[in-house]
Amino acid sequence: MYARALYASTTSTAPVEIIRSGAPNTKKVTLLAGAVYPIGTVLGVITANSKATTSVAAAGDGSQTPAYVLSYTVDATAGDVEAMAIETGDLIGSALVLGAGHTLASIRAGLRDKGITFDG
1 MYARALYAST TSTAPVEIIR SGAPNTKKVT LLAGAVYPIG TVLGVITANS KATTSVAAAG
61 DGSQTPAYVL SYTVDATAGD VEAMAIETGD LIGSALVLGA GHTLASIRAG LRDKGITFDG
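All residue numbers for the sequence shown refer to my numbering, where the first residue is 1 and numbers rise by one.
Keep in mind that the hints were calculated from the coordinates and are not lab data.
Calculated cross-link-like contacts (lysine-lysine; reagent style DSS-like; alpha-carbon spacing at most 25 Å):
hint	residue 1	residue 2
1	K51	K114
2	K51	K27
3	K28	K51
4	K28	K114
5	K27	K114
Quick list of simulated restraints, FRET-style, between CB atoms:
hint	residue 1	residue 2	range
6	A109	V36	24 to 30 Å
7	S94	N49	29 to 35 Å
8	M84	R20	15 to 21 Å
9	V16	G101	18 to 24 Å
10	T77	K28	17 to 23 Å
11	A78	R20	28 to 34 Å
12	I46	S106	16 to 22 Å
13	G62	T88	19 to 25 Å
14	V81	A58	21 to 27 Å
15	G101	A23	26 to 32 Å
16	R20	G79	28 to 34 Å
17	S21	G79	32 to 38 Å
18	G60	S21	32 to 38 Å
This one's a predicted model, so the numbers in the text were calculated from it and none came from an experiment.
C-beta: ideal position from N, C-alpha, C; glycine also.
All chains, please: the whole structure from these sequences, using the hints.
What follows is the structure in structure tokens.
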């Protein structure tokens, strides 16, 4: 005898589009614990431990230099998490999540040198 499955109503949101054209190349990164990283977060890499975190212009640990863009939202509040980040691709500038002190203009050249371009 089988029990009937119960279904709960859930709320969904429209997907966030960050890719403008083409198929981006991705790379697995380890996100630093302690935050929820939204899709499109511009990431920098901490030199001492090679962990990625939100790139903040005033950081002095290497993460001030934008390196990747996060492919999807990741909850790393409980510990470090491996995730996929875009390392080359053509993205939508208005969909990027910038850390304190960064603007699209301030990250454009650095990301372009790494193979990430965006409009705006």
